[in-house]
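Trainee: Chain by chain, the residues:
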Amino acid sequence: MDFSLTEDQRMMQESLSRTLAEAASLDRVRKFAGDPTDRGADVWAALTDFGLPGIVISEEYGGLGLTLLDAALMSEALGRAVAPVPFMGTVLAPLALRLAGSAEQQSKWLPKLASGEVTAAVAISEAVAGARDGAGVTASGGKLSGKALFVPGGLGADLLIVADTGGALHLVEGGAAGLTREIMTGIDLTRRMAELTFDKVAAEPLTGGKDVLARLRDAGWVLLAADTLGACDVMIEKAVAYAKERKQFGRVIGSFQAVKHLCAEMAAELEPCRSLVWYAGYAFDAAPDESSLVAAHAKAHLSEVSRFIARTSTEVHGGMGITDLLGLHFWFKRVGLNRQLLGGPERVRALAAQMQGLTA
Amino acid sequence: MDLRLTPDMESFRDEVRGFLVAHQDRYAPGAGADRPREAAMEWQALLIDNGYAARTIPQAYGGYGAQPDILKSRIIAEEFTAAGAPRGFANQGISMLVPTLLEVGSEEQKTRWISPTLRGETVWCQGYSEPGAGSDLANLQTKAVEDGEDFLISGQKIWTSTAAQADMIFCLVRTEPQAPKHDGISYILFPMTTPGIEVRPLKTMTGSAEFNEVFFTDVRVPQSAVVGGRGRGWFVANATLKHERGMLGDPNATEARFAALIDLMKSETVDGQRLIDNPVMADRLMALQARLMTMKFNGLRTLTASMTGESAGMAGMVVKLQGCELNHQIAALAIDALGELGVLYEDGPHLRAKGSWQRNYMFDLGLIIGGGTAQIQKNIISERGLGLPREPKLAVV
Ligand SMILES: Cc1cc2nc3c(=O)[nH]c(=O)nc-3n(C[C@H](O)[C@H](O)[C@H](O)COP(=O)(O)OP(=O)(O)OC[C@H]3O[C@@H](n4cnc5c(N)ncnc54)[C@H](O)[C@@H]3O)c2cc1C
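Top line first, the protein sequences correspond to chains A and B. Residue numbers for the first sequence follow my numbering, beginning at 1 and rising by one. Residue numbers for the second sequence follow my numbering, beginning at 361 and rising by one.
It cannot be assumed that every hint is accurate.
[What the hints assert, rightly or not] Simulated crosslink set (DSSO-like; lysine-lysine; CA at most 30 Å straight-line):
#1 A:LYS31 <-> A:LYS112
#2 B:LYS626 <-> A:LYS247
#3 B:LYS470 <-> B:LYS602
#4 A:LYS244 <-> B:LYS753
#5 A:LYS200 <-> A:LYS210
#6 B:LYS753 <-> A:LYS238
#7 B:LYS470 <-> A:LYS210
#8 A:LYS238 <-> B:LYS656
[Unchecked claim] Simulated restraints on C-beta separations:
#9 B:LYS626 <-> A:GLU204: 51 to 61 Å
#10 A:LEU5 <-> B:THR554: 46 to 56 Å
#11 B:PRO418 <-> A:LEU5: 30 to 40 Å
#12 A:GLU237 <-> B:ASP429: 31 to 41 Å
#13 B:LYS602 <-> A:ALA131: 49 to 59 Å
#14 B:ALA443 <-> A:ALA41: 52 to 62 Å
#15 A:ALA131 <-> B:ILE430: 43 to 53 Å
#16 B:THR471 <-> A:SER17: 50 to 60 Å
#17 A:LYS247 <-> B:PRO491: 32 to 42 Å
[To be verified] Covered stretches of chain B, as calculated for chain A (at least 3 residues, CB under 8 Å):
#18 472-484
#19 527-540
#20 695-702
#21 736-748
Hints in this document: simulated from the structure, not taken from any laboratory. Where is the CB? At the ideal position from N, CA and C, for every residue including glycine.
Make the full structure from the sequences, and use the hints.
Mentor: Printed below as a string of structure tokens:
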């Protein structure tokens, strides 16, 4: 029994953080946020050198062949850096191909995904979080029609994995005729989402139905929870550092108990979450029976804790916390988006109750 | 991360399960605040003899004498929780005095006190807090004045749990009034029947007298009853306070309580609708389940740290604060689920679970305060965990 990260996992996480510190510095993030045409190609190139695109792709196809826990640790580092890359498709698309793709589809796409030559995005929001504004994609005669909203990384992706209203999955090439994409700008400018419109777009079916979709959803929940965890860590670190240096009434504000207790509450709320995220990542591969429930709880609970931390960290910073100058808002908004993507906490908890047969 | 157990550990788990099934008819709840009854003492003896209680305490002192094996202890805890089997005694004598004696007691003190404490024959109370020394415990004023071979102890303690039932007290007294406040304290053991001791029950909001005020007037105690050396009491007490805090946030106990809450919400109905089918209630239940999971996995993480001899750091510091709060929240949800039934307290046809949810809800608030309040825990987390400065000392006026 060993509930800890391996030396390899720790080293890999640190090494990604170092890569990101250079390739996705706060200045670089700021520039990305200010320019909707910026696709962050240089950041992606650095991550490709690191091997990130192949993280869960088997070695046979040129990937690293690692587990979802490893991917979650990477996601955490990306959240820490508020890195301007959509990571979800990088993990979920290869998973979809592994679980439900034909041998042909796998050998066509996986090597290219692993090398970073092509990127992928998954459009499963309606199927998981529910359809808004009449969105939803229907399949008929090998063609897709309808709309998919809130697709992270969907603007530039060469490959799209799309869930239809019945929960079946389809593979669509980025250049397919009848597909149009539009930017959806949200509060979190470090990741842009797409609105995809399908007008009789040619698609290849993936085998497997709702069970595969559920696996993708679970993996997505874990990655979002991990990204949130990383972002929360930074918000606490920033609050503590600020409290040690900012002076009022002739003392550093960190010596006031009101401020100390805010910091302690943030740390006390977050620390046990780290264990939940690790376990959720581990369970995805090692304990599939429990995986959906712990993934749901990780997603929903981290959303709640992060809202508290985002608010509290900002308050500890006083007026500075609200300014664009400090940049704390990048993390604030990052966790804000993570909270809603693939379902807000109430929806996810309702699913958690159903999974256990507690409710109908 | 690899949570699989070795075949050895799996067979140990089977062994524990086997024991629990075989002795199902002898389960007896462990004594908490009360003097243990005969059935509880027999169950305790059975647990000790089989290594499920007092596991690592040397046989010479009445324990089972196994090598420390944190994983085995964990398996025992898990299996007992899963079976709903009582874990034996969890009183202050066992959780605080015994580890203290093992660490710093004299040979004579260990031989004399550990075994009867483990078996429930000797019941202890903890005389730390005073009216003017709660959170600021080092400020305690109960004085012990030398008189030949003895001390004469005078002063007052308060919040002393089980003092009315206890045979003995482990008590902090000031022996060196001139010394700085942390250096003048001694940790001393004496019988509650010693002349000059008066115990006055303090009723709590639960309606029973779970703790007491204790008054000392020239209580004569031999100096040889000091544990760990004269003037060393503060360090002696602190060495074991962490045991109390770890125990107060134990996720195993919380898990059992959560399972009971699920059962309650499945069986209770309002207008024919099960509480669990009320979306707001189900949502609150799930939110607590997530918290419970965080604490459970946090427990596995601290367990791994102690197995490898590392410090659990922040993961260890948050256990008391978060664990006690979670227990209180679980009881709070149960009361809301019970609605008007949740305010009943006297025995009667409508009372559920003998009023234990109501009692827990109130008593858990006490546990949030006892053993170091939530605020004191936050001071520890922010100062020792996050490195924030201590509050400046007041200028003495
Ligand atoms: C159920 C129960 C059982 C107990 N059993 C025992 C026992 O068996 N033996 C024993 O010796 N004691 C026992 N205690 C006493 C317990 O240890 C104290 O109640 C506790 O340490 C708090 O002290 P106090 O009650 O004097 O509160 P105070 O110290 O007066 O605190 C009052 C409030 O002020 C806050 N406060 C105090 N100092 C600070 C600070 N520095 N920073 C921020 N906030 C502060 C506290 O957090 C609290 O909110 C028990 C208490 C309870 C509730």
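Trainee: Evaluate each hint against the coordinates.
Mentor: Right, here's what the structure says about each hint:
{"no.": "1", "hint": "A:LYS31 <-> A:LYS112", "verdict": "holds, 28 Å"}
{"no.": "2", "hint": "B:LYS626 <-> A:LYS247", "verdict": "violated, 54 Å"}
{"no.": "3", "hint": "B:LYS470 <-> B:LYS602", "verdict": "holds, 20 Å"}
{"no.": "4", "hint": "A:LYS244 <-> B:LYS753", "verdict": "holds, 18 Å"}
{"no.": "5", "hint": "A:LYS200 <-> A:LYS210", "verdict": "holds, 23 Å"}
{"no.": "6", "hint": "B:LYS753 <-> A:LYS238", "verdict": "holds, 27 Å"}
{"no.": "7", "hint": "B:LYS470 <-> A:LYS210", "verdict": "violated, 63 Å"}
{"no.": "8", "hint": "A:LYS238 <-> B:LYS656", "verdict": "holds, 28 Å"}
{"no.": "9", "hint": "B:LYS626 <-> A:GLU204: 51 to 61 Å", "verdict": "violated, 45 Å"}
{"no.": "10", "hint": "A:LEU5 <-> B:THR554: 46 to 56 Å", "verdict": "holds, 54 Å"}
{"no.": "11", "hint": "B:PRO418 <-> A:LEU5: 30 to 40 Å", "verdict": "holds, 36 Å"}
{"no.": "12", "hint": "A:GLU237 <-> B:ASP429: 31 to 41 Å", "verdict": "holds, 37 Å"}
{"no.": "13", "hint": "B:LYS602 <-> A:ALA131: 49 to 59 Å", "verdict": "holds, 53 Å"}
{"no.": "14", "hint": "B:ALA443 <-> A:ALA41: 52 to 62 Å", "verdict": "holds, 59 Å"}
{"no.": "15", "hint": "A:ALA131 <-> B:ILE430: 43 to 53 Å", "verdict": "holds, 50 Å"}
{"no.": "16", "hint": "B:THR471 <-> A:SER17: 50 to 60 Å", "verdict": "holds, 55 Å"}
{"no.": "17", "hint": "A:LYS247 <-> B:PRO491: 32 to 42 Å", "verdict": "holds, 37 Å"}
{"no.": "18", "hint": "472-484", "verdict": "violated (count 0)"}
{"no.": "19", "hint": "527-540", "verdict": "violated (count 0)"}
{"no.": "20", "hint": "695-702", "verdict": "violated (count 0)"}
{"no.": "21", "hint": "736-748", "verdict": "holds (count 10)"}
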